[in-house]
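Given only the sequences and the hints, what does the whole structure look like? Please build it.
Number of protein chains: 2
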Amino acid sequence: MPQTIERKALEDLQEDLHAVQELLRRHRLVEGLVQRQKMARHELVEQLVHKQHFVELGKKLEAMHPADVAFILEALPLPDRLVVWELVRAERDGEILLEVSDAVRESLIRSMDSQELLAATEGLDADEIADLAPDLPEEVIEGVFRSLPVAEREQLRAAMSYAEDSVGALMDFEEISVREDVTLEVVTRYLRRFEELPDHTDQVFVVDREEQLRGVLPISKLIVTDLEALVRGVMLTDYVTLYPDDKAQDAAQAFERYDLVSAAVVAPNGKLIGRVTVNAVVDFIRARSEAQQLAKGGLRETEDVFASVWQSVRNRWSWLAINMVTAFIASRVIGAFEGSIEKLVALAALMPIVAGIGGNSGNQTITMIVRALALGQVDEGQAKQLLRKELAVAVTNGLIWGGVLGVVAYWLYDSVSLGVVMTAAMSLNLLLAAMLGVGIPILMMRLGRDPALGSSVMITAFTDSGGFLIFLGLATLFLL
Amino acid sequence: MPQTIERKALEDLQEDLHAVQELLRRHRLVEGLVQRQKMARHELVEQLVHKQHFVELGKKLEAMHPADVAFILEALPLPDRLVVWELVRAERDGEILLEVSDAVRESLIRSMDSQELLAATEGLDADEIADLAPDLPEEVIEGVFRSLPVAEREQLRAAMSYAEDSVGALMDFEEISVREDVTLEVVTRYLRRFEELPDHTDQVFVVDREEQLRGVLPISKLIVTDLEALVRGVMLTDYVTLYPDDKAQDAAQAFERYDLVSAAVVAPNGKLIGRVTVNAVVDFIRARSEAQQLAKGGLRETEDVFASVWQSVRNRWSWLAINMVTAFIASRVIGAFEGSIEKLVALAALMPIVAGIGGNSGNQTITMIVRALALGQVDEGQAKQLLRKELAVAVTNGLIWGGVLGVVAYWLYDSVSLGVVMTAAMSLNLLLAAMLGVGIPILMMRLGRDPALGSSVMITAFTDSGGFLIFLGLATLFLL
Chain P
1 MPQTIERKAL EDLQEDLHAV QELLRRHRLV EGLVQRQKMA RHELVEQLVH KQHFVELGKK
61 LEAMHPADVA FILEALPLPD RLVVWELVRA ERDGEILLEV SDAVRESLIR SMDSQELLAA
121 TEGLDADEIA DLAPDLPEEV IEGVFRSLPV AEREQLRAAM SYAEDSVGAL MDFEEISVRE
181 DVTLEVVTRY LRRFEELPDH TDQVFVVDRE EQLRGVLPIS KLIVTDLEAL VRGVMLTDYV
241 TLYPDDKAQD AAQAFERYDL VSAAVVAPNG KLIGRVTVNA VVDFIRARSE AQQLAKGGLR
301 ETEDVFASVW QSVRNRWSWL AINMVTAFIA SRVIGAFEGS IEKLVALAAL MPIVAGIGGN
361 SGNQTITMIV RALALGQVDE GQAKQLLRKE LAVAVTNGLI WGGVLGVVAY WLYDSVSLGV
421 VMTAAMSLNL LLAAMLGVGI PILMMRLGRD PALGSSVMIT AFTDSGGFLI FLGLATLFLL
Chain E
1 MPQTIERKAL EDLQEDLHAV QELLRRHRLV EGLVQRQKMA RHELVEQLVH KQHFVELGKK
61 LEAMHPADVA FILEALPLPD RLVVWELVRA ERDGEILLEV SDAVRESLIR SMDSQELLAA
121 TEGLDADEIA DLAPDLPEEV IEGVFRSLPV AEREQLRAAM SYAEDSVGAL MDFEEISVRE
181 DVTLEVVTRY LRRFEELPDH TDQVFVVDRE EQLRGVLPIS KLIVTDLEAL VRGVMLTDYV
241 TLYPDDKAQD AAQAFERYDL VSAAVVAPNG KLIGRVTVNA VVDFIRARSE AQQLAKGGLR
301 ETEDVFASVW QSVRNRWSWL AINMVTAFIA SRVIGAFEGS IEKLVALAAL MPIVAGIGGN
361 SGNQTITMIV RALALGQVDE GQAKQLLRKE LAVAVTNGLI WGGVLGVVAY WLYDSVSLGV
421 VMTAAMSLNL LLAAMLGVGI PILMMRLGRD PALGSSVMIT AFTDSGGFLI FLGLATLFLL
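Protein chains in written order, with this note's numbering: chain P, 1 to 480; chain E, 1 to 480.
Incorrect hints may have been included.
One copy or any two copies: either way a pair holds, since identical chains are not told apart in the list.
Unchecked claim - Below, a list of computed lysine to aspartate or glutamate pairs in the EDC-like style, where the Cα atoms sit at most 16 Å apart:
1. 384 x 199
2. 271 x 208
3. 221 x 195
4. 247 x 11
5. 51 x 185
6. 221 x 196
7. 389 x 256
8. 271 x 210
9. 59 x 86
10. 59 x 138
11. 389 x 208
12. 247 x 12
These are calculated hints, taken from the structure and not from any lab test.
Quick look at the structure:
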């Protein structure tokens with residue numbers, strides 16, 4: 001990306017957004033006039049004004065960083081978005097497509113034909129094309145393959161073959177490598193041949209004749225060390241090595257623990273094949289945390305804020321459907337006790353408290369266990385110990401909060417036995433929540449699934465139905 | 001940190017953890033034997049074995065990166081943790097304290113006296129001491145101030161004065177600055193005087209005599225450019241400038257948008273005062289996403305997995321108390337309709353469905369709005385447009401899912417009017433959820449609070465009570 005483009009604070013960016021919105025508003029105004037007057041008398045004048053806004057807009061976009069253009073595109077409703085997209089210089093299309101969110105990318109790609117899409121990939125590296133590939137039509141991808149030189153074609157094939165959450169998916173091929181038996185002088189001369197070093201080149205990689213990684217040479221060492229020295233004597237031999245099939249999550253944790261800027265990726269046979277840089281890791285961390293938040297909120301994917309009503313309905317339906325089923329089951333549990341409720345209607349008012357608090361408590365346990373599992377600090381061997389502790393917390397909370405509610409129930413309905421049933425039901429449901437809160441994430445992990453996704457829905461389903469069953473069951477047994 | 005320390009993949013780290021656990025287990029075994037036999041006949045032998053484990057453990061820790069020692073400490077129950085902490089070389093205490101989570105840091109600091117704490121801060125930079133300061137006793141901080149040279153004392157005072165979520169809190173003072181009227185040759189000679197460049201030095205900052213920032217000189221440019229050139233001719237003048245009172249969140253977004261490794265921090269008067277590096281940003285992003293997840297799960301802070309039952313109960317009580325109150329209010333809403341439920345007990349079984357789906361749908365809306373607000377792509381001006389769309393989604397979902405449930409209610413209870421009431425109540429509660437889902441985050445933002453925290457609890461409270469009120473109210477009006 002050209003270095004003459006200004007980098008902005010969020011506020012300035014928002015000002016830009018407002019300026020673009022204003023230009024678009026005026027553009028629409030003029031367009032409306034032109035249409036209403038059917039290109040009559042004022043045609044010339046208005047066409048000029050119209051054009052002027054476009055030129056102004058085009059200049060504004062020209063001076064913006066691809067990520068900032070992406071920001072503007074995401075913040076505009078679809079018709080405006082496509083107007084702006086038309087104005088962006090074609091050779092920047094690829095860079096900008098890489099920056100926008102999935103939903104917005106789809107909307108932009110839909111507006112382009114195969115020729116334009118093929119052109120958009122031209123300035124991109126193999127790893128970047130691989131990032132776009134899932135959204136590109138089959139024929140465009142074939143076209144891309146045909147247009148690439150052999151070496152890059154192999155890289156693209158490799159990049160497209162890695163799983164989405166693997167190190168391979170974060171990797172790029174812009175690593176610089178040198179030999180260990182040359183002097184720093186030679187390395188420096190070699191680097192000077194580059195017009196510009198690839199972004200995030202904080203180290204060059206030292207390889208032997210078989211491309212086996214032997215060490216790393218930090219640029220900061222290169223700068224402060226005597227140029228007569230041999231690479232072998234200066235290079236570091238303790239470094240993080242990633243494998244393309246490693247989990248991206250583990251690589252991200254290594255970057256975080258060791259404050260890395262870049263790390264080598266080697267094939268299982270020890271050959272250097274690429275590198276991962278911190279910006280890819282930052283994007284991954286952000287995307288992962290976003291996916292978790294979306295999943296917790298029950299959205300399938302990032303929603304374009306300006307998506308049509310129908311797109312939003314589709315994005316949200318699966319979660320609502322799942323919840324509908326679990327709510328229906330809970331409802332049937334209550335239905336089974338309708339006789340009891342008819343006899344003692346207070347049960348209807350008290351039962352949601354038991355179910356609700358159980359769900360909350362279970363979610364607390366799950367949040368903590370999922371975090372510990374994700375950090376890799378807790379394994380199944382410790383499950384028993386954790387379960388014991390969570391059960392103790394549940395009993396304590398059950399007695400405290402269940403006790404409070406028991407007193408409240410007694411106070412409202414003047415029945416000691418109802419109070420006792422309330423306290424007992426709360427304690428039992430909290431125990432159930434604790435067991436499931438430890439058990440569900442560990443089970444999901446054993447099944448090879450991400451315990452951060454879906455655990456919360458499952459536990460709420462169990463504590464709802466379970467809470468109703470326990471409370472209404474105890475009440476039926478002891479009160480009626 | 002010494003560069004000879006190995007950096008590990010998560011799996012190797014977990015193996016280390018198991019080795020430490022095994023050594024500790026053997027240590028406890030021997031200790032148990034020694035105690036039971038009251039230092040009798042075998043005393044000598046066992047003491048030796050005992051010591052041997054300690055030496056082995058000490059060596060293992062010695063060779064580990066501070067972040068990895070932190071990992072081990074977090075994964076151990078308190079007694080074991082303190083055994084390991086005792087074995088860590090004192091001069092590494094500070095670095096390790098910086099790496100552990102808040103809860104574990106507290107447990108370690110509690111085990112140290114003022115003298116040890118003062119010593120632990122010795123190797124640290126001012127910005128690092130400021131990170132520890134909230135957990136240190138008053139007298140230790142005074143001691144630290146007394147022990148620092150004047151310049152660093154000022155830096156520490158400044159670093160401690162910034163709000164937790166400001167750029168100032170992420171900043172360090174390890175920036176290197178040069179003048180614009182010197183050659184790259186001079187800059188290179190200057191850099192060679194450093195034994196090692198500070199971590200994450202991807203650029204040096206160009207300042208004038210008044211310390212005003214004039215440009216930045218990327219190291220990668222320094223390497224590839226002719227050494228005769230003047231800094232003025234090579235430096236970049238378009239760069240991100242951060243102010244210490246900027247929101248850390250905005251700085252993190254700038255790092256993400258522009259793939260930065262470091263950025264200058266300048267005072268409002270334009271004077272260069274420090275820099276922010278990507279590792280601080282990564283830690284911030286991770287901590288923020290963790291805080292949001294914890295808040296959504298209802299935990300006040302990161303919980304030490306091995307915290308005592310009582311500590312856990314305290315960490316979790318406030319969320320349970322809030323939910324107890326909202327559940328109690330919902331229960332009272334039901335209580336007001338006990339007469340209706342007595343007459344038509346089916347209402348008791350159906351009402352949780354209306355409340356639950358409303359909560360889910362509201363959370364979907366909130367998740368999307370909070371994300372758009374956090375990215376700065378949506379402002380209050382667009383609130384009306386968003387509201388209109390969410391209301392349309394709500395009506396659609398209300399008719400679809402409410403319709404399904406209406407049919408189910410009719411099928412279960414053989415009453416058309418009950419089915420109609422169910423559909424109407426669902427639609428109305430989804431409309432309520434949509435209004436609150438847009439309104440609550442925007443209101444919280446206007447009040448200057450983080451909409452990501454707490455919005456979810458609020459909307460669930462409203463859709464629960466609201467759902468019961470709407471459903472039971474409609475049923476009372478039209479069915480009884």
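Do the hints match the structure? See the list:
1. 384 x 199: neither (48 Å within a copy, 42 Å between copies)
2. 271 x 208: within (9 Å within a copy, 47 Å between copies)
3. 221 x 195: Only across copies: residue 221 and residue 195 sit 9 Å apart there, 21 Å inside one copy, limit 16 Å.
4. 247 x 11: The answer is between: 11 Å across copies meets 16 Å, while 36 Å in one copy does not.
5. 51 x 185: neither (56 Å within a copy, 50 Å between copies)
6. 221 x 196: Classified as between: cross-chain Cα gap 7 Å, same-chain 19 Å, threshold 16 Å.
7. 389 x 256: neither (30 Å within a copy, 40 Å between copies)
8. 271 x 210: Answer is within; shortest intra-copy Cα gap is 7 Å, inter-copy 50 Å.
9. 59 x 86: So residue 59 and residue 86 pass the 16 Å test inside one copy only (13 Å; across, 63 Å).
10. 59 x 138: Classified as neither; 34 Å inside a copy, 57 Å across copies.
11. 389 x 208: This pair counts as neither: shortest intra-copy Cα distance 53 Å, inter-copy 60 Å.
12. 247 x 12: Answer is between; shortest inter-copy Cα gap is 14 Å, intra-copy 37 Å.
Of the numbered hints given earlier, the model fails hints 1, 5, 7, 10 and 11; all others are met.
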